[in-house]
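S.K.: One letter stands for each residue in the lines below.
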Amino acid sequence: MRKYIFNFKILNTLLLFACIHHVHGQSDSLARRKTNDSIRPRLNMDAIYNRPFLTSTKLPVAIGGYIEANTQYRSTDGVSDGLHFQMRRMTLFVSSTMSKKIKFLSELEFEEGTKEINLEYCAMDIEAHPLLNFRGGIIMNPIGAFNQNHDGPRWDFIDRPICATGIIPSTLSNVGMGIHGKYFSHLWIVGYEFYLTNGFDDKVINNTEGRTSLHAGKENPEKFAQSSNGMPLSTGKLAIRHRNIGEMGFSFMQGVYNTWQIEGLKVDHKRKATVFAVDYNTTMLNNKLTIMGEYDRAMVELPGNYTQQFGSLQWGAYTDVIYTVIQKKMFGWEKAKLNMGARFEWVDYNDGRFRETKTNIGDDIKAIVPTIAFRPSGTTVIRLNYRYEWSHDLLNNPEVKSQAIQFGFSSYF
Amino acid sequence: MKKLSFVLTLSTAMTLAFSACKKLVSASPSKDAVMSSAIEGLSLEQNKRFSDGSEEFSEIYDEGSGLGPIYVATSCASCHSGDNKGHPSTNLTRFGQIDTNGNQYLDRGAPQLQHFALPGYTGERIPQGAMSSNFMAPIVAGLGYIELVPEQDMIDMADPQDLNGDGISGRVHWNVIPNWVKPSANAIQQNGKYICRFGRKGGVYNLHQQIVGAFNNDMGITTSYMPIDPYNAESGIHPSLSSGADIDDKSLNSTVFYIQALQAPIQRDQNNVVVMEGKTIFKNIGCAKCHVESLRTGNSIISALHQKTFYPYTDLLLHDMGAALNDHYTEGFAMASEWRTTPLWGVGLSKDAQGGVMYLMHDGRAGSFEEAIQWHGGEAEQSKINFNQISKTDQNRLIAFLSSL
Chain A
1 MRKYIFNFKI LNTLLLFACI HHVHGQSDSL ARRKTNDSIR PRLNMDAIYN
51 RPFLTSTKLP VAIGGYIEAN TQYRSTDGVS DGLHFQMRRM TLFVSSTMSK
101 KIKFLSELEF EEGTKEINLE YCAMDIEAHP LLNFRGGIIM NPIGAFNQNH
151 DGPRWDFIDR PICATGIIPS TLSNVGMGIH GKYFSHLWIV GYEFYLTNGF
201 DDKVINNTEG RTSLHAGKEN PEKFAQSSNG MPLSTGKLAI RHRNIGEMGF
251 SFMQGVYNTW QIEGLKVDHK RKATVFAVDY NTTMLNNKLT IMGEYDRAMV
301 ELPGNYTQQF GSLQWGAYTD VIYTVIQKKM FGWEKAKLNM GARFEWVDYN
351 DGRFRETKTN IGDDIKAIVP TIAFRPSGTT VIRLNYRYEW SHDLLNNPEV
401 KSQAIQFGFS SYF
Chain B
414 MKKLSFVLTL STAMTLAFSA CKKLVSASPS KDAVMSSAIE GLSLEQNKRF
464 SDGSEEFSEI YDEGSGLGPI YVATSCASCH SGDNKGHPST NLTRFGQIDT
514 NGNQYLDRGA PQLQHFALPG YTGERIPQGA MSSNFMAPIV AGLGYIELVP
564 EQDMIDMADP QDLNGDGISG RVHWNVIPNW VKPSANAIQQ NGKYICRFGR
614 KGGVYNLHQQ IVGAFNNDMG ITTSYMPIDP YNAESGIHPS LSSGADIDDK
664 SLNSTVFYIQ ALQAPIQRDQ NNVVVMEGKT IFKNIGCAKC HVESLRTGNS
714 IISALHQKTF YPYTDLLLHD MGAALNDHYT EGFAMASEWR TTPLWGVGLS
764 KDAQGGVMYL MHDGRAGSFE EAIQWHGGEA EQSKINFNQI SKTDQNRLIA
814 FLSSL
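Protein chains in written order, with my numbering: chain A, 1 to 413; chain B, 414 to 818.
This is chain A alone, in the form it adopts within the complex (with noise of 0.2 Å):
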């Protein structure tokens, strides 16, 4: 029946977007665009608001969303499954501003098809002071940079950050409720947020990836009904950005993830996920030079005596190194930009040395990313991209080389 319930507001959803197009193709006095510049968020924290929508004078809600595609040929030490095409997601946004200061923004995205159909936002925000909002629903925990601002469209590069991933594990959303607020002096913003939310479970060093993973332990369905086990995971997040140099974030996030008692019988003992991260970004050379990042750092406490194989404390970074090399009209897009440009990443899922052999733990992965990204609008991009990776299994055994070759897109409509 749920899933019923489900599937119908889905249709609803789609409904609403079809006939605000349809209403959009007739007259533009009744529905228009707000377009922002996607790559340009004014802090990581307002990135989910500062999207284009669709707006309508006739009606209360505005519609956005965005597409994600690409071609891949990707080989592993020469052997290759050959060439594959990806529809990574396509995810549909709704904002709603009911009163001058509440409003309501929500986020359907469906990942790879429709084999993931995940409401990835869905929150209402009140504002008290600008220092003071509440937020609640299905909220983005504000850890890293990437999390709060995922969009496609706003990056040159195909694939998302591996720490991204794979340390933080993107999009992580949970249900539940904090504040937020800005502070504006002049040239500088200083930005937090605060959110009690539902958490990880067991899975997190229970799982099939055979490494510790808080992705493994955000999969949980009941999360957005009932934590796994009644203690909120608390996340925060510090902003400062100056207009003329950039923006630094400190954020942190922990809570217990294991079900640690049923029923008021304790049945094990509270183990907690810690995680920090550091991510900056910064413009220069008048815009042209885009040089952002991120470093994560997770502390998960593991049972005495725990196979190996997963790690209690994992790490990664990525810096992402953009240059604008040409920006002019081109093909009849107006400020249309070629950029080139390149991501080097290094995440390490398990950081330690075996109790037997003293030796370095290795299950970690490095890779340089090339890219040369065109962007005929400030909404749209399309992307070649090409991956040199390097890997280690968990015994740190010669390292394993991958390629690959990708070619995609990805566009706000």
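Rather than coming from a laboratory, the hints here were simulated on the basis of the structure. Here the structure is a predicted model, which is why all the values come from computation and not from measurement. Ideal Cβ positions, reconstructed from N, Cα and C, are used throughout, including at glycine. Hints are supplied without guarantee of correctness; some may be wrong.
[Stated by the list, open to error] Quick partial rundown of chain A residues pointing at chain B, CB under 7 Å, derived from the structure:
1) G78
2) N206
3) N220
4) V267
5) T307
6) S312
7) E356
8) P398
9) K401
Chain B: place on chain A using the hints.
M.R.: Just chain B now, with coordinates in the frame of chain A:
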């Protein structure tokens, strides 16, 4: 016009990119550098079964898919990385049997220790007073060939009374097999016992028995043949009979076929002069008396394995290896100081599966070939003495030969 030129440019760029794919990816490692390939000559159907088995071998289990609750590893591949040897961190421990009179600690969870446990459960510990031995996971590549060595050939190689007086008295391991193990059509029987060949003590009859046992004892994965999870004396909770096996017979059989159809490790640099000289020294100092260079398979329905000569460097027999290798633990009817000759094929690739370091012997106690040789005693004592008496140059030639295997 501009749009047309854009489309043309884009199409050209894409065509160039994809035509360049093969130049932008690294080459495959040569067949003699890896062990996870299928033997050549499999039929299309056999290739499909091999592929299914490969997937099963790499499957990582969790609580939901049947792992534990007590276990040693979460997948086959975690101990046999790249179908190669294990690593000290994945060693398993067995305990409780010191002689041929059986295991005295079966009611305490013997013979295998499952020291890891799912969250909320307690891992096993070795009962006080029980003797134990650590076993490193062996190379699984090529085991299909070893399974097919005719039993009569093993008997012919044995010399339990050392009638030829060379100091080597290898014997086959006659052992009792579980009632769910189906002996081969031409199986030789002696007082209800069969000739076994797998495992460090050579106490396991065939790959089917070995793999069913590994699923159960290493991972707590039940099958129709061993439908009960390992007993944990530490917690005192008796496991109940599963309502259904954690994996079905098809998955089990695919895994067995995968191991049977793995290519044998291939020697490298066979024509290198130093390697060839090392091989001669290997024979001259007596190593090849137990580490027999070549064996031949018998009949097999897998044509690629039928009547083939292969080069495992083992005689599949039990040998007394002396006091230094006596862990005071044994299995079946082997003595505690007896070990089945370990095949040496693939030993030169050990580092590739052991984190760039070498861990040799049954528990990884030796960090080099030289050290491994020094652990040899008993029937191998004379060969060790011979090795110590040859020149350093010849020793290096011998090591070069071992490294090529």
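S.K.: Does each hint fit the structure? Answer for all of them.
M.R.: These are the hints, each one checked on the structure:
1. G78: holds (3 Å)
2. N206: holds (5 Å)
3. N220: Violated. Min distance 12 Å.
4. V267: Holds, because the Cβ-Cβ distance from V267(A) to chain B comes to roughly 6 Å (cut-off 7 Å).
5. T307: Hint on T307(A): holds, closest Cβ of chain B at ~5 Å, below 7 Å.
6. S312: Since chain B brings no Cβ nearer than about 14 Å to S312(A), farther than 7 Å, the hint is violated.
7. E356: holds (4 Å)
8. P398: holds (6 Å)
9. K401: At about 5 Å, which falls below the 7 Å cut-off, the nearest Cβ of chain B leaves the hint on K401(A) intact, so it holds.
Hint check: violations occur at hints 3, 6; the rest are consistent with the structure.
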